[in-house]
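Visitor: Below are the chains, spelled out letter by letter.
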Amino acid sequence: MPQFESHFFSSLIFWEVVSFAILLFVLYKFAFPGILSVLEEREKKIKNSLDEAEAHRVEAERRLKEYETRLAGASKEAEGILAAAKERTQRLMEENEQRLTAEAERIKGDATREIDHERRKAIQEIRTQTTDLALMVAEKVVQRSLTDADHRRLADEALDALSRSSH
Amino acid sequence: MEESPLHPFELHNYIPINLGGLDISINKAVIMMWVVVALISILMVTAGSARRLVPGKLQSLAEMLVDFIRGIILDTMGKEGMKFFPLIATLFLFILFCNLIGLIPGSYTVTSQIVVTAVFACTVYGLSLLMGFVLHGGKFFGILVPPGTPGWLLPLMIPIELISQLARPISLAVRLFANMTAGHVILGVLFGLAVSGGVLIGWLPFAFTIAMNGLEVGIAFIQAYIFTVLTCVYLGDAFHLHGHDEHAH
Chain B
1 MPQFESHFFS SLIFWEVVSF AILLFVLYKF AFPGILSVLE EREKKIKNSL
51 DEAEAHRVEA ERRLKEYETR LAGASKEAEG ILAAAKERTQ RLMEENEQRL
101 TAEAERIKGD ATREIDHERR KAIQEIRTQT TDLALMVAEK VVQRSLTDAD
151 HRRLADEALD ALSRSSH
Chain V
168 MEESPLHPFE LHNYIPINLG GLDISINKAV IMMWVVVALI SILMVTAGSA
218 RRLVPGKLQS LAEMLVDFIR GIILDTMGKE GMKFFPLIAT LFLFILFCNL
268 IGLIPGSYTV TSQIVVTAVF ACTVYGLSLL MGFVLHGGKF FGILVPPGTP
318 GWLLPLMIPI ELISQLARPI SLAVRLFANM TAGHVILGVL FGLAVSGGVL
368 IGWLPFAFTI AMNGLEVGIA FIQAYIFTVL TCVYLGDAFH LHGHDEHAH
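Heads up: the protein sequence lines correspond to chains B and V, in order. So for the first sequence, this note's numbering puts the first residue at 1; every next one is plus one. So for the second sequence, this note's numbering puts the first residue at 168; every next one is plus one.
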């Protein structure tokens, strides 16, 4: 085999050692630090990015939950507001109705009372006038003076007779 | 027309150089080593100086290789093994590129020279021994005694472990050399058949040649990987001394 021709050994070994040493030096000095640092940097960056993404995800989930609870609270609050408004409207309406009814009642009562009063007054007036009239008539008829008491009595009797006849 | 399948492994001195009695003549294998050193340097230094967070193609390739080696080291030796990263990475890249470049027709496979693989194997194994003795002193002889061995088995276990230890550099060197040589011999034989078979039948071995070349690319990777992994394992053994299980080989 040509590989066992020992007269090439010395040159092969020499150049192998020299080549390898040069390569080792070049790579050690100019290649490996750069490549390894880039690899490490990238590893760190990827890890950081993943961590960051995870943190963002957790944060987003927390916010979502927060908004959901807030939304649920808001809808409950809105419902409450609506119910309160409804209740208030109802109450206002009822109050109004009551107030108006009472007012109407009062007006009706006042009117009735006034009518009654006027009627009474009118009757009284009529009565007085009738009495005076009757007195005048009676005076004319009797042609004599009567005491005031007699007048009254006579008048009353006449009135009674009048009101009886009018019934 | 017919030539020996071992012909591609022959070397011829292009420029004879003699350094104080030492023959360091330039031949094809030496030139291939230079090509390999130049290629790796250009690739890795370009990629290393790019330093972009989002890598381009070249940077991706270099980073893939570096990350691959880093993975091997971390798996077999742990974090402290990263001290050896430059050595192991250079070793891996050198062997890988030697293996791959040898597949280009007309080039030369440096790793098919037993002396080249032997130098690597002995360096790695010697380093592991040196490391072991520096870190553990005399206790490092304990590597010959697997943990839990009963005392009466020691006369048997120590020779077995000694042989297993000595087999490490030899197997490391021979495995790479034999794989590279065998692959090229097969390629040579098949291509020889294709040439001598003519158009009518020659296409069949020629198709096999193409398929074998594809397989050889895979083998080039696998052998570089195996050499690197075993380097890490041997260094790791010296590092941890029974910290891990004994690795079979």
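Think of the hints as simulated: they come from the structure by calculation, not from any bench. Hints are not guaranteed to be accurate.
[To be verified] Taking lysine to aspartate or glutamate pairs in the DMTMM-like style, the calculated list, with each CA pair at most 25 Å apart, reads:
1) B:K65 - B:E79
2) V:K246 - B:E43
3) V:K246 - B:E94
4) B:K45 - V:E177
5) B:K44 - B:E68
6) B:K65 - B:E43
7) B:K47 - V:E177
8) V:K195 - V:E177
9) V:K250 - B:E59
10) B:K47 - V:E230
11) B:K29 - V:E230
12) B:K108 - B:E87
13) B:K86 - V:E230
14) B:K29 - B:E43
15) B:K44 - V:E177
The model shown is predicted, which means the values in this text are computed figures rather than measured ones.
Visitor: Does E79 of chain B lie within 25 Å of K65 of chain B when you go C-alpha to C-alpha?
Guide: Holds, at about 21 Å.
Visitor: K86 of chain B and E230 of chain V: Cα distance at most 25 Å?
Guide: Answer violated: K86 of chain B to E230 of chain V is near 73 Å, above 25 Å.
Visitor: Run the distance test for K246 of chain V versus E94 of chain B: straight-line Cα separation, threshold 25 Å.
Guide: Not satisfied, since the Cα-Cα distance of roughly 86 Å exceeds 25 Å.
Visitor: Taken at face value, is the distance from the CA of E230 of chain V to the CA of K47 of chain B at most 25 Å?
Guide: holds (18 Å)
Visitor: Given the hint that K47 of chain B pairs with E177 of chain V, test it: the Cα-Cα distance must not exceed 25 Å.
Guide: Between K47 of chain B and E177 of chain V the Cα gap is close to 53 Å, so the pair fails against 25 Å, i.e. violated.
Visitor: Are the Cα positions of K29 of chain B and E43 of chain B separated by 25 Å at most?
Guide: holds (22 Å)
Visitor: Quickly compare the C-alpha distance for K108 of chain B and E87 of chain B to 25 Å and report which way the hint goes.
Guide: Violated, at roughly 31 Å.
Visitor: Between K29 of chain B and E230 of chain V, does the CA-CA distance stay at or below 25 Å?
Guide: Given pair K29 of chain B, E230 of chain V holds - Cα atoms ~16 Å apart, limit 25 Å.
Visitor: Checking one constraint from the list: CA of K246 of chain V to CA of E43 of chain B, max 25 Å. Satisfied?
Guide: holds (16 Å)
Visitor: Verify the proposed pairing of K44 of chain B with E177 of chain V, using a straight-line Cα cut of 25 Å.
Guide: violated (51 Å)
Visitor: Are the Cα positions of K250 of chain V and E59 of chain B separated by 25 Å at most?
Guide: Outside the cut-off at roughly 42 Å; violated.
Visitor: Check the hint pairing K65 of chain B with E43 of chain B against an upper bound of 25 Å on the C-alpha distance.
Guide: violated (33 Å)
In terms of the numbered hints stated before, the structure departs from hints 3, 4, 5, 6, 7, 9, 12, 13, 15, listed from lowest to highest.
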